[in-house]
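Peer 1: Chain by chain, the residues run as shown.
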Amino acid sequence: MSGREFGSGDISSRGQTVELRSTGQAMASVPTCSVSTCAVPGSAIEPERYELAAGAPYRFDLDRREFFKFVGAGVVVFSVLKTGTAAQESGGARGRRDESLPKEIDAWLHIGESGKVTVYTGKVEMGQNIRTSLTQAVAEELRVPMEKIELVMGDTQLTPFDMGTFGSRTTPTMNLQLRKVAAAARDTLIGLAAAQWKTDVRHLVADDGKVKDPQMNRSVEYAALTKGQQLTQTLPEEDPLIPAANWKVAGQSAAKVNGREFVTGKHRYPSDQKLPDMWYGKLLRPTAFGATLVSVDAQKAEQMGATVVRDGNFVGVAAASSGLAEVAVAAIKAEWKSEAQPSSKELFDYLKKNPTEGRDPTGDGDRYEAGKVDPALASADHKLQATYMVSYIAHVPLEPRAALAKWDGDNLTVWTGTQRPFGVRGQLAEAFRMPEDRVRVLMPDTGSGYGGKHSGETAIEAARLARAAKRPVKVVWTREEEFSWAYFRPAGVMEVTSGVGADGRITAWEHHNYNSGSAGIRTYYEIPNQRIVFHPAKSPLRQGSYRALAATANHFARESHMDELAHAIKMDPLEFRLKNLKDERLRAVFEAAAKKFGWGKSKSVPGQGFGMGGGYEKLGYIATFAEVHVDRKSRDVKVVRVVTAFDCGAIVNPDNLRNQIEGSNVQGLGGALFEAISFENGKILNGRLSEYRVPRFSDVPVLETVLLDRKDLPSVGAGECPMVGLAPAIANAIFDATGVRLRALPLVPDGLKMG
Amino acid sequence: MATTSHTLGSPGISLAINGNTYLVDADPQTSLLTVLREHLDLTGSKYGCGEGQCGACTVLVDGKAQRSCITKVGAVARKQITTIEGLAKGELLHPVQEAFLEVGAMQCGYCTSGMIMSAVALLQRNPSPKESDIIDFMDGNVCRCGTYARIVSAIQKASKGIAAATGKGAGL
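Residue numbers (the numbering used here), protein chains in the order written: chain A, 1 to 755; chain B, 1 to 172.
In short, the hints are calculated from the structure, not lab data.
Please note: incorrect hints may appear among the correct ones.
[Said to hold, decoys possible] Pair by pair, the computed Cβ-Cβ distance ranges are: (1) Lys198(A) x Glu102(B): 46 to 54 angstroms; (2) Asn20(B) x Glu150(A): 26 to 34 angstroms; (3) Lys601(A) x Gly63(B): 44 to 52 angstroms; (4) Asp41(B) x Val294(A): 39 to 47 angstroms; (5) Ala77(B) x Pro435(A): 47 to 55 angstroms.
Since this is a predicted model, take the numbers as computed values, not measurements.
Heads up, the beta-carbon is just placed ideally off N, CA and C, and yes, glycines get one too.
Let the hints inform the model, and build the full structure from the sequences given.
Peer 2: Below you can see the structure in the form of C-alpha cells.
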C-alpha cells in the first residue's frame, strides 16, 4: 500500500508507486511475465502498472454442515484454482484451520432443492454486462434456462475472494471457470439420475433443467434430483466443456438479464441505497491537493445539529438531510496549508524531468532489448524521431462514488460502487485498524467504472461519519468531488525513434514511455532491433487505472509513428503494416476492417481523410479505420465513420460485444479529440461537466463493426482493447485530410490549428 | 412506498407525482431531485452533475422534459410530474421502455431513466422525429458508456411502435 495518506489506496499517489502487499501466499503465486520469456502477442496475463493490488486473504469460515445450513440443501460445485494466472485474481490464500471444504475457491455454484441455480463470484457488474454473459456460460453448460440462474456478485461475505473486476479478465478467467463448474454440476446431476434409474450415465443427457434418458423415454427435473441432497464437489481436473461450435445459449445475443429493472428505474445503484434512520455525509475538501489542516472551527455546524468529525486531515459532517449536511459543511471555517505544485502547462516537461525510482510490478516489463538498436538506427535508409503526448483525463462515471456504511457494534457493513470490493474491505480494515472479517463490502451493480472505481475513499468516509453519528451514513460525491478527488488516467510522453529500409522493412525501433505506463508498450511488428523502456515519473496528479490505460497512449504513439514512417517512404499505410506484421490474427483484423472500410478508395469531398490504427491488447486483436471531415474554415474536425474489426476468440454474446466495441469507440472519441484535465497549483481548473467536454449524441460517427468469431480459440475480454486503435486512426486521418501531423492527445480540443 | 405521505407540522409543498399527491416538508429552494430521492424514495431519477448538463435526473413537468437537479421544488408545486417510476402502466411498459430493452440501448443503465424520460418528451412533441431531430433533442443527455447510437435506434423503434398502435403512418 502506498503509505497512509487518507484514501490513497492501491494506486499511485503523488508520485509514489504501487507495491504489492505481500500478505498471505496469494501473491507468491503471481506469475511475473518476464518480457524476455513472454512472447507478445499471445502472452498470458499482463497486469498493468497502477492496476495491481493485493487481495486480503480469503477466509471461508463455514464448515460443511454450516455451509448447507446457509445455502440450503442441494448440490454444490466449487471452482478451485490451483496455480497460474487465474489464481492471482480470484481465490487466493486462506486455509486457516481444518475445514472439510476445499481451499482456494474462486467461485461456486449451488443448485437448490427447487432447482434454482445460484452462482457466487467476486466479480462485479458495472455495465460491461458480465452478469448476463456469465449467466449464459452457466446456462450453456448446465443446460438450464437463463432465468433460473441468479448470480451473487461482489459481496465479501458471500462470494469468494476476487482481486477485482478490471483488466478484461472476467471473460478469459471467470467465464471459463464458471463453465467448468456448471459442466461438473451437470455431470453430477446426470450421475444422480443414473443411480436412481440404475443405468449408465452414457445413456443420459441433460437438457432444459432435466436429465433425460431418450432410449427409455423418461426424464427427471434437476429439482427432484437435488431434493434432500447435501452433495459437494470440487472441479475435476479434466472437464468436458461444450465446444464453442456447439454452443446454444452462449455464443448467442442475450439481453441484459435484469434489464427491466433499469428501464423502470427500480434498480438500486450504490447511491440509491437507503437504511432506516440513515443520515447524509459530506466532507470538507482541502483547498489544494496535499494540503494539511492548520485550524478548523466547526462550532456553527455543530449548532445546526450536524455531527462533525475532525480526525487528522479528515473533516466531515453527517446530518439528517443532504441539504443540512451541505449547509453545515459550508459553515465550517478551516485554514489549509499547501505547497506550490506544477500546472498542466508544464506537464510534459515536468514528467520527463522528474523520474522516480521503482519498477513496474510485473517485473521486466519496464525494459526490453533485442538485437542492436544503435547501429541499426545509424545504418537505416530512413530514420524518424517523434515525440507523442497524452493528457490526464477523467473517467467521469455517470454515477459518482457513493457509499452507505453501517456499524453493528464492532462490525462494519458498506454498500459501495467499486471494482474491488475485497480491496475496499482491506482499506476499511486498515483505516479502522480492525480485522477484515469484521468488514463486509457489498457492491450493487454500479453506474459504471472504466477503471475509475478501484479505491475505497467514499466507503471510508461514510464509515468514519457513521461511527461518529452512531447511525448509518451515506456519502455520495458531487460531480465536482469526483473530478477533483478521484484519480486520473496517467498523462505521458512517448518518444519513438525508428529506422526503416528502402524495401519498407523496419530495422530498428526505440520507444520510451514517461509515466503513462508499460501496458501495450511492446510492438507486435517484426523488428529485429528494439529498445523499449518505461520511465516512471513523479506524477503531479493522483493517477490510476483507466479503461485500456497505457495501451491507449502506447498504441497512439506506435500507430501514429507507423503512419509517419509509411508516408516517409511513400508506401501505403496498410501495405506497410502488413509488410512488417506476421501475426495472423492481427493481420486478419487489419484486412477485415480495410475491406469493410473500403481502404484505397479515393476521396469524394474536400476535407475528407482516412486513417487506421490497431493492435493487440488484453488478449484481443483490434483494427480501427476512421474517416474524418475537416472544415477548413471553421477548423472543426468531425469523425464521420469508424469501422472496427475485432477478434476476441469465441464470442460469448455478439450483441453485447458490439455494444462494448461501440462504447469503446465513443468513449475513446473523447480522449482522442477533446478531453483533458487542466490543473494549476494543486487545483483542477475544469472539474465539472459544463467545463469538461465528454462525447455526446452529436459527436457520434457512423459505427460499423466486424466481428471475427474464432470458435476454435478461448474467449477473452472486450471492454478495453477496442479502444486502443481509435486515437491513432483519427490522427492519421486528420493528417490524410490536411497534412497536419498531430502528436498529442487530445488532438483538437479547440479545433484544428493549421500551420 | 405509500401512495400518499403526509408530514405533520409545517404546511409543506403539495406535489403531484405519477398520479399521486404528496405533501412534502421541504424548503421550496430544495431541488426537485433531492425531494424525489430523499423524501419520497423515488430513486429512479439520478444525480449526475448537479448543473443540468447530463440529463440523468430528467423528469416530465406538465409533459415537458425538465432537469430535476436544477428545478426548485417550490416551482413545481401542483404541476403534473412524471418520473421513470410512473411511466409503465402496471406491468405494461411504455413503448420507449420496451424499445430500450429490445434494442439493448444501455450498458450500466445509470443514464437510462433520464434518456427514457427525455425520449418520451420528444415523442410527445414530435411523434415521428428524424434522426437529426433525435440527436438535437437528446444532446443534453450524457451516456458515458457510449450507447448513443443504440438509444437513437430505440427512439426510432418506439416512434414506429407508437405510430402503429395509434393507427397513424410511421415516420422515418
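Peer 1: Run every hint past the structure and note whether it holds.
Peer 2: Hint check results:
Here the CB-CB span from Lys198(A) to Glu102(B) is close to 48 angstroms, well matched to the stated 46 to 54 angstroms. Separation of Asn20(B) from Glu150(A) is about 32 angstroms and conforms to the stated range, judged on CB atoms against 26 to 34 angstroms. The supplied range of 44 to 52 angstroms is met by Lys601(A) and Gly63(B), whose beta-carbon atoms lie about 48 angstroms from each other. As the Cβ distance of Asp41(B) to Val294(A) is approximately 41 angstroms, the hint placing it in 39 to 47 angstroms holds.
A beta carbon spacing of about 52 angstroms between Ala77(B) and Pro435(A) agrees with the range 47 to 55 angstroms that was offered as a hint.
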